[in-house]
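A.B. asks: Each chain, letter by letter, is given below.
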Amino acid sequence: MWLRRLFWACDKMVDVRLENVNKSFGKVVAVDNLNLKVEDKEFLVLLGPSGCGKTTTLRLIAGLEKPDSGSIYIGERLANNLSPKERNVAMVFQNYALYPYMKVFDNIAFPLRVRNTPKQQIESKVRETANMVGIEGLLERKPRQLSGGQQQRVALARALVREPALFLMDEPLSNLDAKLRVQMRTELKKLHHELGVTTIYVTHDQEEAMTLSDRIAIMNKGLLYQLGSPFDVYERPANLFVAGFVGSPAMNTVEGELAEEDGDYIADFRICSVKLPKEVAETLTSKTLVLGIRPEYILVDEKSPHGIVAKVEVTEPLGRESILLLNAKGVLLTANTRLMKPLNVGDEVWISFVENRLQMFEKQSAHRIDLSRITLTNTPSQSSS
Amino acid sequence: MSKGAAKRILRKTFSRLGIYVILFIALVWALFPLYWIFSTSVKPRDKILSVPPKLIPDQLTFENYQRLSEVMPFLQYFFNSAVITGGALALGLTIGSLAAYGLSRYKFPGSRYFLGFVIVSRMIPYVAFVLPIFLIDSNLGLVDTYFGVILPHLIIVLPFTIWLMKSFFDEIPKAFEEAAMVDGCSRLRAMLIAMRLALPGLGTTAILTFLDSWNEFMFALTVTRTPASQTLPVGIALQLQRLYGVPWGVITAASFLFCIPVFALGYFIQKYVAKTFVLGV
Chain A
1 MWLRRLFWAC DKMVDVRLEN VNKSFGKVVA VDNLNLKVED KEFLVLLGPS GCGKTTTLRL
61 IAGLEKPDSG SIYIGERLAN NLSPKERNVA MVFQNYALYP YMKVFDNIAF PLRVRNTPKQ
121 QIESKVRETA NMVGIEGLLE RKPRQLSGGQ QQRVALARAL VREPALFLMD EPLSNLDAKL
181 RVQMRTELKK LHHELGVTTI YVTHDQEEAM TLSDRIAIMN KGLLYQLGSP FDVYERPANL
241 FVAGFVGSPA MNTVEGELAE EDGDYIADFR ICSVKLPKEV AETLTSKTLV LGIRPEYILV
301 DEKSPHGIVA KVEVTEPLGR ESILLLNAKG VLLTANTRLM KPLNVGDEVW ISFVENRLQM
361 FEKQSAHRID LSRITLTNTP SQSSS
Chain B
1001 MSKGAAKRIL RKTFSRLGIY VILFIALVWA LFPLYWIFST SVKPRDKILS VPPKLIPDQL
1061 TFENYQRLSE VMPFLQYFFN SAVITGGALA LGLTIGSLAA YGLSRYKFPG SRYFLGFVIV
1121 SRMIPYVAFV LPIFLIDSNL GLVDTYFGVI LPHLIIVLPF TIWLMKSFFD EIPKAFEEAA
1181 MVDGCSRLRA MLIAMRLALP GLGTTAILTF LDSWNEFMFA LTVTRTPASQ TLPVGIALQL
1241 QRLYGVPWGV ITAASFLFCI PVFALGYFIQ KYVAKTFVLG V
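Chains A and B supply the protein sequences, listed in that same order.
Taking my numbering, I'd label the letters of the first sequence as residues 1 to 385.
Taking my numbering, I'd label the letters of the second sequence as residues 1001 to 1281.
One thing to keep in mind: the hints can contain errors.
What the hints assert, rightly or not - Straight-line Cα separation of at most 30 angstroms, DSS-like style, residue types lysine-lysine; simulated pairs:
| # | chain 1 | residue 1 | chain 2 | residue 2 |
| --- | --- | --- | --- | --- |
| 1 | B | K1174 | A | K37 |
| 2 | A | K221 | B | K1271 |
| 3 | A | K66 | B | K1174 |
| 4 | A | K179 | A | K103 |
| 5 | B | K1271 | A | K142 |
| 6 | A | K189 | B | K1174 |
| 7 | A | K119 | B | K1174 |
| 8 | B | K1107 | A | K27 |
| 9 | A | K142 | B | K1174 |
| 10 | A | K329 | A | K278 |
The hints are simulated quantities; they were obtained by calculation from the structure and are not laboratory data.
Isolated chain A, as found in the complex:
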């Protein structure tokens, strides 16, 4: 493929390793003992709320910040003491950072000029790259004459043009409108697929993270909470934070107490009871547990005799599906469901849960309890009837 030939970086193994990396700003710990390995050609997304340390991590890799301790390897090289220009990384900034006094052509050519690339080569490379991101007609314009989406493409072209070993992207789509964001997301994914350059991408938008990434690193308060595939972080969240942060609407969480009955360990969550294997129950440090139910794993049926009765408190029809706020035995649950006919506030419905999709966490440590399959013993409504 001509794109692969164009970019020598594709033929180089470039993985990134962060080993026990710490970074503080005054008393604020931005990155706390971070260990992370980004595989060669991988698209890794750093996801987390504002102030979680994801941008600092990216800046540490770019060389724009120095770690207080720990090691950062880019490929086989220890990069701690390398300046940004020695790291051969390219970065796309949130506000694009296009030089306003330069034309688009000069903006893209800048990294090549800094490296004293021959003029003819600059000309051809800039045009090739502009062509690749679809801005070949804008080369003579100044950044202020471009729309947000076009500026974003210029920033991308400037990063692509010098064939970096590693792409770093700091919320590059956050300034675009929703429609353009979705379009650029697809293009970024396609571009990564074609070039195969290792990419680290920072965002607080979980949808972006889920769609773009090979793996997601979820951070909070400077700590890495979970590193895994989009499927893993969604279906097997490592802790309550990840469970609550990933997914929209957020996962329902219901607290319950674990009790031993006739040698069986049963956790009662009011809306259902769950039987825990003895070997799991005995390892728990506290008896308060949290049941996690994704809104789409609540099955809503008007007439089903199985499950429990819930009252509709709020309905949010979204067209194809509806978000329902349900009250089941005093527990508020959000359900995401496809309904055949519209429901009204005050209606009563039967709800049940997709058993093998339920999650359970220890409340005290917030960690996920690893159960290969959760067993619902009964539901209170059934036992009471």
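Could you slot chain B onto chain A? The hints should help.
C.D. replies: What follows is chain B alone, placed relative to chain A:
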């Protein structure tokens, strides 16, 4: 038209008229001395001190301009002023911008108070510096040299340059320099990107610095001895020391010519300077 509407229009017209009257008075107040200098400079020698003074000269002559070089080494003074102002401008902007950049981008112990200290130093009456500067110049053998005048001018221009340029640098996102560094620039070259972005600010600062140095009189008078280094304000003032026959016509002609660079600059940059002050920088 209703009565209320007519009243409103009348009130608006009067308030606008009032503003124009105030502006006109302010304009006359500011420009009259300048006009007086010009009108005196084009009057014949025997009509300059006529009583009552004439606002509009009966007769126009450029003899005062022609006699400039006979009465004093005008071109030498003008050249000295240009060299000294140019030197103060170049050094002031270079040192000031670098200091401002450092203050804007780096934190160091006491950096928070440093800018306050810089601004306070601008508020100290310059006369307090006259003796120390004279002693420094004397000991370094700088009396009656260009650099001997440039040095005290830096005391005047630097605090202002640092303060103003820091405000401009603060407005420029760091991401531009960071992008440049990632793109392959050294720290120093990335700084030049910020400098380039601060160019409008640098222009405004340059003009205000120019005015400070061009108009300065006290230090120039103290540390110069001969026309080899004396600036135009000093040269003009020296003509007033004559016991007999102060050449008013020549003095006003020289003063008017001295003002021309200031007018020219003012005309070209008024928009930027106004913007700078409106922005509260």
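A.B. asks: Take the hints in turn and mark each one as holding or not.
C.D. replies: Results for each hint:
Between K1174 of chain B and K37 of chain A, the direct Cα distance comes to roughly 28 angstroms. Compliance with the 30 angstroms bound is thereby established for this hinted pair. In summary, the hint linking K221 of chain A to K1271 of chain B is not supported, as the alpha carbons are separated by about 48 angstroms, beyond the 30 angstroms threshold. Proximity of K66 of chain A to K1174 of chain B is assessed by CA-CA distance (about 16 angstroms); at most 30 angstroms being required, the pair is judged to hold. Restraint check for K179 of chain A and K103 of chain A: the C-alpha separation of about 27 angstroms stays at or below 30 angstroms, so the hint holds.
At roughly 23 angstroms between alpha-carbon atoms, K1271 of chain B and K142 of chain A fall within 30 angstroms of each other, so this suggested pair holds. Under the criterion of a C-alpha separation no larger than 30 angstroms, the hint pairing K189 of chain A with K1174 of chain B is consistent with the structure, at around 28 angstroms. Note on K119 of chain A and K1174 of chain B: the hinted pairing holds, with a Cα-Cα distance of about 29 angstroms set against a maximum of 30 angstroms. Restraint check for K1107 of chain B and K27 of chain A: satisfied, since their Cα atoms lie roughly 16 angstroms apart, inside the 30 angstroms limit.
Restraint check for K142 of chain A and K1174 of chain B: satisfied, since their Cα atoms lie roughly 20 angstroms apart, inside the 30 angstroms limit. About 28 angstroms separates the Cα atoms of K329 of chain A and K278 of chain A, which keeps this hinted pair within 30 angstroms; it holds.
Hint violations for this structure: number 2 only, all remaining hints satisfied.
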